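K.L.:
Sequence:
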Amino acid sequence: MRHISGIFLKGLAAILPVFVTVYLIVWIARTAENVLGGIIRFILPESWYVPGIGLLLGIALIFCVGVLLQAYLIRRLFEWSEGLVQRIPLIKTVYSAVQDLMAFVSGGNQRQASQVVLVRVSLGDTSARLMGLVTRQDWDGLPGNMADEDEVAVYMPMSYQVGGYTLILPRKHLEPVDMGIDEAMRFALTAGMSTQANRGASQHKAAE
Numbered sequence: 039m040r041h042i043s044g045i046f047l048k049g050l051a052a053i054l055p056v057f058v059t060v061y062l063i064v065w066i067a068r069t070a071e072n073v074l075g076g077i078i079r080f081i082l083p084e085s086w087y088v089p090g091i092g093l094l095l096g097i098a099l100i101f102c103v104g105v106l107l108q109a110y111l112i113r114r115l116f117e118w119s120e121g122l123v124q125r126i127p128l129i130k131t132v133y134s135a136v137q138d139l140m141a142f143v144s145g146g147n148q149r150q151a152s153q154v155v156l157v158r159v160s161l162g163d164t165s166a167r168l169m170g171l172v173t174r175q176d177w178d179g180l181p182g183n184m185a186d187e188d189e190v191a192v193y194m195p196m197s198y199q200v201g202g203y204t205l206i207l208p209r210k211h212l213e214p215v216d217m218g219i220d221e222a223m224r225f226a227l228t229a230g231m232s233t234q235a236n237r238g239a240s241q242h243k244a245a246e
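Per my numbering, the sequence shown runs over residues 39 to 246.
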């Protein structure tokens, strides 16, 4: 019975990541198709509509926005509109959080979160080490008593959920780790069970 359960769990471990990935892709595609496809049906004749055109239009629009933002005038106009949005109290909080998250994911803030570190925590007679990411090293624009000059902000991701803590710690209490940001996030979010993180670290060492 235990052997059968082991075989089943191995099959589940192989299929589940593929299923979840495909499900998310299909969900995003259907959402884009339903929203943009409905707009196309409203504007154009029904006979012109082809299934999938909403998704293609969404991809094209995102690409076009990226191209337009390369132009100085468009970029300044976009920054001006951002300034208006960030003056609205509740919307400002949500918008800024999403903007910072997308900048980090897309690599825009990789310069700030450029170091993976270990933070030592005392547990009675022994000590544990928690993995974190240095996300801020300068405190310009923030209250003066928020942090000292030799302190940095360290994000501590939590396993198997979108959450974590941000700690402000002295640099001397941090131990640098030779690991990329994406590898560290994968390691932390999967509670250290990610095999991809192991492969990435091995490839990183081999490249050196």
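FYI, nobody ran anything at the bench for these hints, they're computed from the structure.
Owing to the predicted nature of the structure, the values given are computational and were not obtained by experimental measurement.
Here a beta-carbon is modelled for each residue, glycine too, at the ideal position from N, C-alpha and C.
There may be inaccurate statements among the hints.
[Stated by the list, open to error] Each pair of labels, with its calculated beta carbon distance range:
1. Thr59 x Val132: 33 to 39 Å
2. Tyr87 x Asn183: 57 to 63 Å
3. Arg209 x Gly76: 30 to 36 Å
4. Arg68 x Asn183: 45 to 51 Å
K.L.:
Hint by hint, say whether it matches the structure.
P.N.:
Verification of the supplied hints:
1. Thr59 x Val132: 33 to 39 Å: 27 Å, violated
2. Tyr87 x Asn183: 57 to 63 Å: 60 Å, holds
3. Arg209 x Gly76: 30 to 36 Å: Because 53 Å falls outside the window, the suggested range is violated.
4. Arg68 x Asn183: 45 to 51 Å: At roughly 49 Å between Cβ atoms, Asn183 and Arg68 fall inside 45 to 51 Å, so the hint holds.
Violation of the numbered hints given earlier is confined to hints 1 and 3; the remaining hints are satisfied by the structure.
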